[in-house]
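Student: Working from the sequences, and respecting the hints, build out all of it.
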Amino acid sequence: MARPYPRERSNAWFLERWPYRVFVLRELSALFLALYMGVLLVLAARVHEGSSAFRDYVDALQSPLYLAFHAVALLFALLHSVTWFQAVPKGLPLRRGEQRVAPALLIGANYVAMLALTVLVLVVVLS
Amino acid sequence: MTQAPSDATTIRLEIARYRPEQDERPVLERYDVPYRHEWVVLDALNYLKDHIDGTLSYRWSCRMGICGSCGMMVNGVPKLTCSAFLRDYLPGPIRVEPMANFPVERDLVTVLDDFMEKFQAVKPWIIRDGEQPLEEGEYRQTPAQLADFKQFSMCINCMLCYAACPVYQHEDEFLGPAVLALAQRYNHDSRDQGKGERQELIWSDEGIWDCTFVGECSAVCPKHVDPAGAIQQAKVESTVGWYRSFLAPFGRG
Ligand code: SF4
Ligand code: FES
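Chains R and F, in that order, give the protein sequences. Just so we're on the same page, this note's numbering is the position in the first sequence counted from 1, plus 209. Just so we're on the same page, this note's numbering is the position in the second sequence counted from 1, plus 279.
Quick caveat, the hints were computed from the structure, so don't treat them as lab data. Note that the structure is a prediction, hence the values are computed from the model and not measured. You may find that some hints are simply not true.
[Claimed, not checked] Quick list of in silico lysine to aspartate or glutamate cross-link-like pairs, EDC-like style, CA-CA up to 16 Å:
(1) 299(R) with 516(F)
(2) 328(F) with 302(F)
(3) 402(F) with 479(F)
(4) 474(F) with 408(F)
(5) 328(F) with 300(F)
(6) 299(R) with 427(F)
(7) 429(F) with 265(R)
Tutor: Right, here's the structure in full:
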């Protein structure tokens with residue numbers, strides 16, 4: 210009786226093709242969002258402690274290390290938004306009668322909402 | 280895609296051979312076959328078997344992307360070889376391997392038992408509490424009710440989605456993309472009443488919750504079944520169901 214060759218498992222599967230690499234980066238993006246939330250929380254705590262503590266922290270944030278972190282976190286935040294917006298129609302197959310609402314419309318709605326919220330935040334911050 | 284016919288006259292295939300009586304493990308062997316603009320990878324394999332090496336084993340039947348038996352890895356990506364044109368892989372070589380994530384029986388032929396078992400486990404047929412009397416006629420469905428599951432019914436069981444799924448590669452128990460899409464196909468059929476029977480398995484860890492939403496199953500699916508979508512939708516339904524049973528434990532689920 211012939212023996213089948215057992216199925217192969219790879220511990221580096223996530224490096225093997227681009228779709229897998231993007232998947233891993235997408236999952237990793239949550240870590241950077243969490244770290245950034247940490248920065249925001251510390252910032253809030255400093256505000257609570259008074260204006261000099263706040264200013265010291267803002268100064269510290271301007272160190273190259275923190276700036277680099279922010280740049281990386283921003284890239285991951287963008288990747289996070291793009292990949293998850295892309296995924297919305299998969300989990301939410303809205304239908305009008307027999308027709309599916311075009312996925313592009315659902316994805317677009319998320320970008321519009323993101324833009325609106327960003328503008329809102331900017332208006333609040335700058336006013 | 281329209282491409283001008285190429286000047287190539289031959290193209291190189293690198294084929295994974297596994298002959299259990301002589302090979303410890305699959306080995307790549309190289310063959311040069313004629314290049315024709317209108318040939319698909321399967322045509323090249325058939326030429327090879329007819330003219331160069333008759334011992335090559337692989338599965339195929341319809342040659343028109345409907346039987347689902349000719350799936351293989353082409354340059355590392357799961358493809359129906361009857362739909363993968365040589366011209367899209369110029370100048371070659373083209374690496375042809377058995378579908379990933381399955382044991383290999385011989386050459387390009389994989390062992391499908393695991394898929395077959397899981398396929399049956401989700402009860403992929405219409406389940407009813409009782410049949411309505413014959414004189415009431417057929418079970419009618421509106422176009423909207425049909426649209427609710429039609430996409431999931433287009434699956435041809437080619438298993439390309441399994442070859443693309445890293446979760447299936449690492450989790451023996453995972454039911455996998457096509458089988459979970461198939462469960463959705465019946466759960467969403469207005470004539471079916473078997474959702475409750477399928478629920479325990481589908482909503483378990485071996486079912487939808489093992490899925491980490493890599494999404495490659497949907498990318499490689501030749502029939503646009505979108506199994507990744509089916510699984511995410513089932514996750515939403517399972518979550519809603521859980522909250523419902525939590526908030527109203529004695530109500531209808
Ligand atoms: S879901 Fe698509 S890729 Fe998976 S078995 Fe069915 S047709 Fe093939
Ligand atoms: S030979 Fe039937 S799908 Fe390719």
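Student: Next, verify each hint and record whether it holds.
Tutor: Hints, verified against the model:
1. 299(R) with 516(F): 13 Å, holds
2. 328(F) with 302(F): The hint is violated at about 19 Å.
3. 402(F) with 479(F): 12 Å, holds
4. 474(F) with 408(F): 11 Å, holds
5. 328(F) with 300(F): 19 Å, violated
6. 299(R) with 427(F): Between residue 299(R) and residue 427(F) the Cα gap is close to 14 Å, so the pair holds against 16 Å.
7. 429(F) with 265(R): Not satisfied, since the Cα-Cα distance of roughly 61 Å exceeds 16 Å.
Consistency with the previously given hints fails for numbers 2, 5 and 7, ordered from lowest to highest.
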